[in-house]
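Heads up: the protein sequence lines correspond to chains S and A, in order.
Position one of the first sequence corresponds to residue 1 (my numbering), numbered consecutively onward.
Position one of the second sequence corresponds to residue 1 (my numbering), numbered consecutively onward.
It cannot be assumed that every hint is accurate.
Pulled a few chain A residues facing chain S out of the computed Cβ check, cut under 7 Å [to be verified]:
1) Arg19
2) Ile55
3) Thr61
4) Phe69
5) Asn72
6) Val168
7) Phe179
8) Leu186
9) Leu189
Here are the computed lysine-lysine pairs in the DSSO-like style, where the Cα-Cα straight-line distance is at most 27 Å [as the list claims (entries may be wrong)]:
10) A:Lys152 / S:Lys6
11) S:Lys6 / A:Lys13
12) A:Lys152 / A:Lys14
13) A:Lys84 / S:Lys6
14) A:Lys14 / S:Lys6
15) A:Lys152 / A:Lys13
16) A:Lys84 / A:Lys152
Keep in mind that the hints were calculated from the coordinates and are not lab data.
Here a beta-carbon is modelled for each residue, glycine too, at the ideal position from N, C-alpha and C.
Below are the chains, spelled out letter by letter.
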Amino acid sequence: MNEEQKTMALQVGVTVLILLAALTIGEYFIGLFAPYWWAPLMAIALLKAFYIVRDYMHIGRVFAGD
Amino acid sequence: MSTGTLSIADYHKKTVTNRLGLWLFIMSDAFVFAGLFIARFYLYGAGVRPELSQIVGLIVTSILVLSSFFANRGEVSMAYGDTKGYFRNTLITIILGIAFLIGVVGVEWQIAPYGPDHDALWSLFYTMTGFHAFHVLTGVIFLIIVYRNARKGLYTAERHFPVEAAAVYWHFVDVVWVFFYPALYLIGLPPI
Chain S
1 MNEEQKTMAL QVGVTVLILL AALTIGEYFI GLFAPYWWAP LMAIALLKAF
51 YIVRDYMHIG RVFAGD
Chain A
1 MSTGTLSIAD YHKKTVTNRL GLWLFIMSDA FVFAGLFIAR FYLYGAGVRP
51 ELSQIVGLIV TSILVLSSFF ANRGEVSMAY GDTKGYFRNT LITIILGIAF
101 LIGVVGVEWQ IAPYGPDHDA LWSLFYTMTG FHAFHVLTGV IFLIIVYRNA
151 RKGLYTAERH FPVEAAAVYW HFVDVVWVFF YPALYLIGLP PI
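The shape of chain A in the complex, shown without the other chains (with noise of 0.2 Å):
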């Protein structure tokens, strides 16, 4: 049975299903990155960094941030029933999330000093960024394939799960990165 033939009651209980299922995929998901980062500590400490560019660190940070602000304002734009503001912020989350993979895959990896099998460090820097900028690819993905649907006119104000979990998911991705962003780019000073 497809979402659209059902009552307006029967998607809202579908939805609170649809949405402790989200979830669980994003702690399941979580526990991969924990992963990642409790290992970064382990090996180097709260003493070391990778070499790294911090105004590069900065930019890319604010990017993302910016980028879940208007996630959230399409998000809260569709559940009012105001699709052009839905497709407005969308459009812009969209462009924010390339422009940060541009700014860690097409700059930091570029101009960092070292590549991935230089040592554990930067093997350890390369697969965060990597495993996470992953993410936001199909963060992005996914938020074009709901966009598109929006487009064909199959999300209203009250049947519009998609839209929310494109925005949790990428919202989630933001998180991580919010981590990710002190452990590589603030603590420790870089090996001399």
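Chain S extracted, bound-state conformation (with noise of 0.2 Å):
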């Protein structure tokens, strides 16, 4: 059961990752090609920033008092 919830909270990190990965090759395209689109750019940066205080930082457990 331990080796499972582990397993569990690991993958969560590759996905995370891959996430990340894949949205900062998608705006490395567009400040390459589109550089004016900072809307577009400001909200992948808000997404990965989301991903980031979610799942690696843990910021519910500030909420949950665990």
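Assemble the dimeric complex from its two separately framed chains, guided by the hints.
Below is the structure:
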């Protein structure tokens, strides 16, 4: 059970890494070909920050109080 | 009273308070970075950015994202009692953190066409990257201290708040760069 939970927690980390990598590549190409599209670039940055704060920083722990 | 003498229940109660303190510190630090971020757009809007190497920007960003991944793996490993996994992943995080510093200060700053005294845009570039690099440096030091303490056997699956704090701080440094990267490297074009 413990090992299963650990594997699941590590899997979340892998999923977030894949998402962050895809979003970073996406924003790199937007910056290359459409550098004035500041709104999509900021939206991507917000999305990346959301995943990091939720899944890597575990902000939910602060509110859960456990 | 040292945390080692606390019961598990008391340690968890203390952790709830410590965690809140950590997040309050992070929020207050975030406002300083937000000020720099806003200053960049207030002064130059979305049409102009410093003349920087896009490839170096992408590489250092990838390094930092990857370091966050390994920091998370290290914390998860410790939380489940896998100390070997913690040591391995934290060591990789530290190495990637140093690689990021070399990329920004050792490469980007050296190949940048202007110094911080050229104009407000370049002054901002060096302030933003310098202030961030200083946080990366303190994050690396923090990770090394916690790593050394873990080597001494100070943390367990039940008692490892310093491991969590070091990882959360590291991820915060990553979040800051998530906003600085498009602000400095992607939005706008270099002035003609």
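Tested hints:
1. Arg19: This hint holds: A:Arg19 lies near chain S, its Cβ roughly 6 Å from the closest one there, short of 7 Å.
2. Ile55: With a minimum Cβ separation of about 9 Å from chain S (threshold 7 Å), the hint on A:Ile55 is violated.
3. Thr61: holds (6 Å)
4. Phe69: holds (4 Å)
5. Asn72: holds (5 Å)
6. Val168: At about 5 Å, which falls below the 7 Å cut-off, the nearest Cβ of chain S leaves the hint on A:Val168 intact, so it holds.
7. Phe179: For A:Phe179, the interface hint holds, since the closest Cβ of chain S sits about 5 Å away, which is under 7 Å.
8. Leu186: OK, holds: A:Leu186 within 7 Å of chain S, min 3 Å.
9. Leu189: holds (5 Å)
10. A:Lys152 / S:Lys6: Since the Cα atoms of A:Lys152 and S:Lys6 sit roughly 24 Å apart, the hinted pair holds (cutoff 27 Å).
11. S:Lys6 / A:Lys13: Cα-Cα ~23 Å, so holds.
12. A:Lys152 / A:Lys14: holds (22 Å)
13. A:Lys84 / S:Lys6: holds (14 Å)
14. A:Lys14 / S:Lys6: With a Cα-Cα distance of about 24 Å, the restraint between A:Lys14 and S:Lys6 holds, given a limit of 27 Å.
15. A:Lys152 / A:Lys13: holds (24 Å)
16. A:Lys84 / A:Lys152: holds (13 Å)
The structure is inconsistent with hint 2 alone, although it conforms to all the rest.
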